[in-house]
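A.B. asks: Given only the sequences and the hints, what does the whole structure look like? Please build it.
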Amino acid sequence: AQSVSQHNHHVILSEAASLELGCNYSYGGTVNLFWYVQYPGQHLQLLLKYFSGDPLVKGIKGFEAEFIKSKFSFNLRKPSVQWSDTAEYFCAVNGKAAGNKLTFGGGTRVLVKP
Amino acid sequence: EPEVTQTPSHQVTQMGQEVILRCVPISNHLYFYWYRQILGQKVEFLVSFYNNEISEKSEIFDDQFSVERPDGSNFTLKIRSTKLEDSAMYFCASRDWTADFGPQHFGDGTRLSIL
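Note that the protein sequences, when read in sequence, are chains A and B.
Per the working numbering, the very first residue in the first sequence carries number 572; after that it's consecutive.
Per the working numbering, the very first residue in the second sequence carries number 55; after that it's consecutive.
If you're looking for bench data, these hints aren't it; they were derived computationally from the structure.
Glycine included, C-beta positions come from ideal geometry on N, C-alpha and C.
Be careful, since some hints might not be right.
[Unchecked claim] Short, incomplete list of chain A residues facing chain B, as computed with Cβ under 8 Å:
| id | residue |
| --- | --- |
| 1 | PRO611 |
| 2 | LEU615 |
| 3 | LEU617 |
| 4 | LYS620 |
| 5 | PHE661 |
| 6 | LYS672 |
| 7 | LEU673 |
| 8 | THR674 |
| 9 | PHE675 |
[Said to hold, decoys possible] Straight line, CA to CA, 25 Å or less: simulated DSS-like cross-link-like pairs of lysine-lysine:
| id | chain 1 | residue 1 | chain 2 | residue 2 |
| --- | --- | --- | --- | --- |
| 10 | B | LYS96 | A | LYS642 |
| 11 | A | LYS620 | B | LYS96 |
| 12 | A | LYS620 | A | LYS632 |
| 13 | B | LYS96 | B | LYS111 |
| 14 | A | LYS649 | B | LYS96 |
| 15 | B | LYS111 | A | LYS620 |
| 16 | A | LYS640 | B | LYS96 |
[As the list claims (entries may be wrong)] Listed below are several chain B residues computed to face chain A (Cβ distance under 7 Å; list not exhaustive):
| id | residue |
| --- | --- |
| 17 | LYS96 |
| 18 | VAL97 |
| 19 | PHE99 |
| 20 | SER102 |
| 21 | GLU110 |
| 22 | PRO157 |
| 23 | PHE160 |
| 24 | GLY161 |
| 25 | ASP162 |
C.D. replies: Right under this line is the structure:
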């Protein structure tokens with residue numbers, strides 16, 4: 572069965588600090604990987620995705636993530652956060668078959684202090 | 055940008071009552087999903103739906119649950135006899151068929167509170 576682990580439940584940092592959120596997955600096959608963000612009171616929005624090719628993917632709002640196959644990891648990074656990055660971040664995985672369900676990590680709540 | 059819309063945003067229901075959660079997926083999307091998130095827990099997959107039938111369901115999706123696409127635009131989740139433990143945020147999602155397996159787009163969710 573597939574599973575996703577996010578290492579940090581809560582992260583508090585100041586504006587301009589760098590952010591890295593860990594994500595590890597377990598899946599018996601080739602995967603697609605996603606990071607979603609949920610701003611307070613809003614729906615889940617896609618930040619970035621990895622399907623194949625360059626393991627370093629760039630998403631919206633200055634976020635990037637690196638797929639390291641040997642470590643089963645897909646960590647999210649942002650070099651300099653803003654107060655508006657306060658949100659909950661979810662890592663998710665699905666298998667490479669159309670229609671496959673997403674399996675989510677537990678989420679990381681990020682609070683950026685102004 | 056097209057959105058997935060869900061109604062109502064908050065539903066309060068007595069235990070044992072039936073509830074229907076409604077979703078309007080993005081119009082050219084072909085795959086539809088329901089997920090739920092119990093407070094403080096992970097987002098969990100409930101069911102996926104394609105070509106007018108369930109393509110996959112989780113062990114949570116027992117006989118109390120059903121889904122329907124009654125009119126080609128709405129996608130509904132029905133819980134026949136609600137239990138306290140059904141209290142959660144329910145998210146609808148949809149995706150199209152693309153060569154690179156496009157991502158799922160989520161609605162704002164319906165907060166279901168069972169009393």
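A.B. asks: Please list, smallest to largest, the hint numbers that this structure does not respect.
C.D. replies: 1
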